[in-house]
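4 protein chains.
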Amino acid sequence: MAKTLNVGMIGYGFMGRAHSNAYRMVTNFFDVPREPVLKVACGLVEEEAKAFAKQWGYESHCTDWRQVIESDDIDVVDICVPNNVHAEIAIAAAEAGKMILCEKPLALDVAQARTMVEAVEKAGVANMASFCYRRVPAVTLAKTLIDEGLLGRIFHYRSVFLQDWTISADVPQGGMATWRLDVKAAGSGVTGDLLAHCIDTAMWHNGPITRVNAMTETFIKERTHAETGKVEPVGIDDACTFFCRFENGSLGNFESTRYARGHKSLFTVEINGEHASIRWNLHDLQRLEWFDHRDEGRLRGWRSIHVTDHGGGHPYMDHWWVPGLAIGYAEAFVHQVADFLTAVDKGEPCSPTFREGLETQKVCEAVLESAKTGTWVDVPED
Amino acid sequence: MAKTLNVGMIGYGFMGRAHSNAYRMVTNFFDVPREPVLKVACGLVEEEAKAFAKQWGYESHCTDWRQVIESDDIDVVDICVPNNVHAEIAIAAAEAGKMILCEKPLALDVAQARTMVEAVEKAGVANMASFCYRRVPAVTLAKTLIDEGLLGRIFHYRSVFLQDWTISADVPQGGMATWRLDVKAAGSGVTGDLLAHCIDTAMWHNGPITRVNAMTETFIKERTHAETGKVEPVGIDDACTFFCRFENGSLGNFESTRYARGHKSLFTVEINGEHASIRWNLHDLQRLEWFDHRDEGRLRGWRSIHVTDHGGGHPYMDHWWVPGLAIGYAEAFVHQVADFLTAVDKGEPCSPTFREGLETQKVCEAVLESAKTGTWVDVPED
Amino acid sequence: MAKTLNVGMIGYGFMGRAHSNAYRMVTNFFDVPREPVLKVACGLVEEEAKAFAKQWGYESHCTDWRQVIESDDIDVVDICVPNNVHAEIAIAAAEAGKMILCEKPLALDVAQARTMVEAVEKAGVANMASFCYRRVPAVTLAKTLIDEGLLGRIFHYRSVFLQDWTISADVPQGGMATWRLDVKAAGSGVTGDLLAHCIDTAMWHNGPITRVNAMTETFIKERTHAETGKVEPVGIDDACTFFCRFENGSLGNFESTRYARGHKSLFTVEINGEHASIRWNLHDLQRLEWFDHRDEGRLRGWRSIHVTDHGGGHPYMDHWWVPGLAIGYAEAFVHQVADFLTAVDKGEPCSPTFREGLETQKVCEAVLESAKTGTWVDVPED
Amino acid sequence: MAKTLNVGMIGYGFMGRAHSNAYRMVTNFFDVPREPVLKVACGLVEEEAKAFAKQWGYESHCTDWRQVIESDDIDVVDICVPNNVHAEIAIAAAEAGKMILCEKPLALDVAQARTMVEAVEKAGVANMASFCYRRVPAVTLAKTLIDEGLLGRIFHYRSVFLQDWTISADVPQGGMATWRLDVKAAGSGVTGDLLAHCIDTAMWHNGPITRVNAMTETFIKERTHAETGKVEPVGIDDACTFFCRFENGSLGNFESTRYARGHKSLFTVEINGEHASIRWNLHDLQRLEWFDHRDEGRLRGWRSIHVTDHGGGHPYMDHWWVPGLAIGYAEAFVHQVADFLTAVDKGEPCSPTFREGLETQKVCEAVLESAKTGTWVDVPED
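Taken in sequence, the protein lines are chains A, B, C and D.
Using numbering that gives the first Met the number 0, read the first sequence as starting at 0 and increasing by one per residue.
Using numbering that gives the first Met the number 0, read the second sequence as starting at 0 and increasing by one per residue.
Using numbering that gives the first Met the number 0, read the third sequence as starting at 0 and increasing by one per residue.
Using numbering that gives the first Met the number 0, read the fourth sequence as starting at 0 and increasing by one per residue.
Don't read these hints as lab results, they were simulated from the structure.
Don't take every hint at face value.
If several chains are the same, the list does not tell them apart, and a pair holds so long as it fits within one copy or across any two.
[Stated by the list, open to error] Keeping only pairs whose Cα atoms sit at most 30 Å apart, straight-line, the calculated BS3-like set for lysine-lysine is:
1. Lys345 / Lys49
2. Lys2 / Lys121
3. Lys2 / Lys53
4. Lys345 / Lys53
5. Lys220 / Lys142
6. Lys2 / Lys49
7. Lys263 / Lys371
8. Lys142 / Lys345
Using the sequences and the hints given, assemble the complete structure.
Set out below in structure tokens:
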């Protein structure tokens, strides 16, 4: 823990908190080669940036992100602002030689994402897109089982992300709390916000998606803008369903919506292989379900694995408590930071890189295009 | 129970057993206006037809279905043979003035199904397509809740039917046990066999489906024919996914496969409405899950309703045991027969009629066409 | 199916229906060596006995059980009346050389039960106490796994039977519908009615119980008698908890109540062994939960086995449907009758015999005595 | 956050980590009136104490707990050492005028616990026993629902704490990792370690326990001592079951064991009231199950409440993430510290105080005595 890594945080919303917490917790639970130092927190409103910096122990605060990037004192720029500002900040940071951790989705569209990838690769700086769910231990364990070939040939990959927070017509669009409903700030609706997670995890687990066929819907056509007070058309997709082909021959079925009454943040994954199947959901994130056809016939059944057993080899869990005692959402970010610090120290890329984030962006864009045209759309290889 | 209803059963396979059992049980548990009398069981192989008739208490047996239809002694013809023979038998039975109960899917294709509808309507005979799952009490309860408007506007309908029995390349096609894999006997694969159930229930719950967009796959391209021993191309769909629009503006997402390791007969339904949501699955058929947003905030949660409480008003359950004691798969057929006998006695149609079976057939055909063309296909209105 | 077995049913209540249904169904699903013939149904009220006989296809009816016993035409007497009449009927039936199937608990007390055992053993007639849950396939499977030694040394056996139907003070005691609350008819409350099931299953699974220590409670002290209309003290136990020692060194924990709001008929079993554990509950009777410590560490988890897979070797399931399609409560009685008919034909005892029923009665009586004295009570060996 | 609270931590094991983490996180998520400052970490082995202090950011370390107590710089002494040392440290700390947070169980026995209560009350210092599970949001919500009378009269309270980590005879006793198996360090086995949690929560939820009747067992009679290497008799209880009476007339049933294969840390609670029932378990700590008999009959069912909805009023959850995103085990300690800091600032007691810890100790001691004598034992009122 000799060396430090100075962090400049841009954004003080929900994600700013999650990332800051991870930087603070990581050294208590992981023996990381670099110790994060919370240098500066940057956000638009001075008062709020100041309060945030105080709350989380940042040494200073500012309101102009360029100041962060220009500072010699900053090693890594952490981008936790709405999607429409990612590219500009990331490119500037890369040019300034900073490492970058950027919230997902990488950008508003593929074109932007490409410029970001080019910028970081040209600058040769460490870069990572924050798809946090990869590092929920159960999701990580799933990846290991697949990679070891325990499932055999994969036939099906199924994933949904269901929420219900925008059912009321009274929810506004735009502004700090509801920018995700404003197409200008978010780029898209559930596709970029939620399906991006499903897609990132799916391609990590199951390889490239080659073709998609999608349907979208906007159930509530107009909403008041939180800042202007004007009723404006809603430009985002409230719901999106698509099926697809993976390069390995398996079929995908994906769906996301913010109109699934009763589901708050229900990200689910199911993978059906020749020999075994896997299920997981974010509401019970500490569990992985496993079905193994190789079990004796009369004893075959879905196992509910409580992924808290370090002795059993559950990823990351040797750093926490004892078997049976669960970790939550926040710890996935701690794992992300731990892996990032380790990779940075070794000079290795930390997955998912911006380039992997671009791959997800391509699928999202193909999905949205397919929904418009009503036909299959190929995901471009490059 | 003064009047009788003489039954001629055609087919002695899995469905022949399920229907026969229902006829035998119904008068013990329901006060039906007509008592079924098991007159004759008909099947191709004399020895087997004889054994079947003995096992189930049929007065006689035969091997030619025309004999059943020509008999003056038969009131209702029950068709439990492979799909490719439904139309011929049903049309002949209608012309002979018999009532008809026909296993699903109604026919091989829409054209056939239409001729069957025309035949029964012209003859004015009672007719019913056997979509048994409508009469699982939890599924019936769901229908009631939707019809009472408790869900409010419907946004999403989601349904899958997952199995895993054909994963091995050693499973043959054709013959008595595996005719469902032979496109000539079955017409299609999972679409007609499994999705037909999903679609029937969905349109019963949520109204007409207007457009579909589908993908199918045949994972194992060749299989040995059980009778000829020859390796032949597989003509059925092993898996089928589609999304769709309902007339009421809601979105549908459907999937079926026989390659979902770990699922034996997992038919699921989920409906998301403005105020409430419903979930059900066939593996735990005695339960209905219900989420009601009108519950007090801190106490909102998915309720797992054990649908065995006659005092609570659970459909059909006043005829069985006491709360907490479940019924199984077989009882859905008893309910179907009880409703059929009651409708017949009143001279009323018993849903799903052949005409409703035709509507499901139209969706199935649109799905298969869409999978071929890769585009949206409208479900024809007539 | 050449030979018949003439049945005389005494009692037309809930159990009379369950048993009658089993006799009717058994030959359709099992190749039993004797075919039950429903000869006579006997009950106190002529009109009701008549209606019952008609509903279930008994050839005749009567109101005096002695008539049944004296009839040369009857092979087996099936006793489905309140507990206080079991002994008299059973002893008379034994003396008349009839086979006997008797509902549980065997008797009001150990003394009565002993005379019944003596009677049937002296007469050398086939006899069985109807503890139906042993033949729920999941419970039967559990027995097999234990007997094969898959659990290793047993440490704990845990079982509850929870209901909530008597919470209201308005429920009467006595009469046809609520005789279970009348100590004169029932002998005891939850101990004889519900714990008897837990105890029978437990000793079948895990061997003799040697000592018990119990607590009982009667929450509602007075209830109106359904027949007399008088308010009378309640003599039964509303709730009973006990812990115990098994002969094999394991510890037992048992509880039953009719005041567990939200549970209708929640019979549960859990067994913890050195290598593996088992769980089951009656509300989801088609599932068995299995945990095996010998599984690879990271993949250990409770398996939810859907006990419907005949190919997998699930007991009795080769007689029903296909994997994934559940049977319910009623089928346990069909299995019981099938086993009884087979044993009778071979001249072998069919477990649980009256003698085994006596063992359960001994534990029940020790439990009630312990609750009175507040100390450990040994279960008498003989 | 103007004022600070200087913390002296005694013990650097599992609990030392959990408490330290809570002190570090609390100011990020809660607006507490006092800011904890990690002053000194104390433990027996110099090297380990030093490493621990570094890992968690303590300003210094030491090996003699008296040094902590004598320091003017320390406001609160946090006792995270084995049970046999609690009393001595706590009493000295009280006499030195320090606030005290002490891990559970309070002491080895009632006599010790009494002296601790006397010491803190005489000194008038803030004191709290760390029964962390009270502050799992679902458990706290249960308390609120009970206190509001939503359950009506309580009939039953049921609680178990099941583990399986000591099944192997190779696990040693004594030493840093396994002091819980050494009766000299732990005082008792599962009774003090696990049942103490069940009892504390139960009395918090449901009021005083007045009488108990218990059974204990030590399955493995001898174990090697981790430090001496000698095989010694095992003095602790491996398993303990007891039933009891609560002052409010309800019945309790409790069980704990470390021989329940398949359960890692399965603390469960179930409460059955006249109108409603509650269930919770530690393996799915983010969920509370709720059954309300006042729901419409056909829609009654156990609700699975995901206790993550601040808008819905779930305790503590306004400080964390968004609905659907769970917290874990660690956060219960953050809540405990937040409440402690708030109470301390107001000069109010923070429940559970040492006096409440003493009440739990009394029940534990009565349980152990009852297990020895085989009879009911009254819990002393004072």
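Original post:
Checking against the hints above, which ones are violated?
Top reply: Of the numbered hints, all hold.
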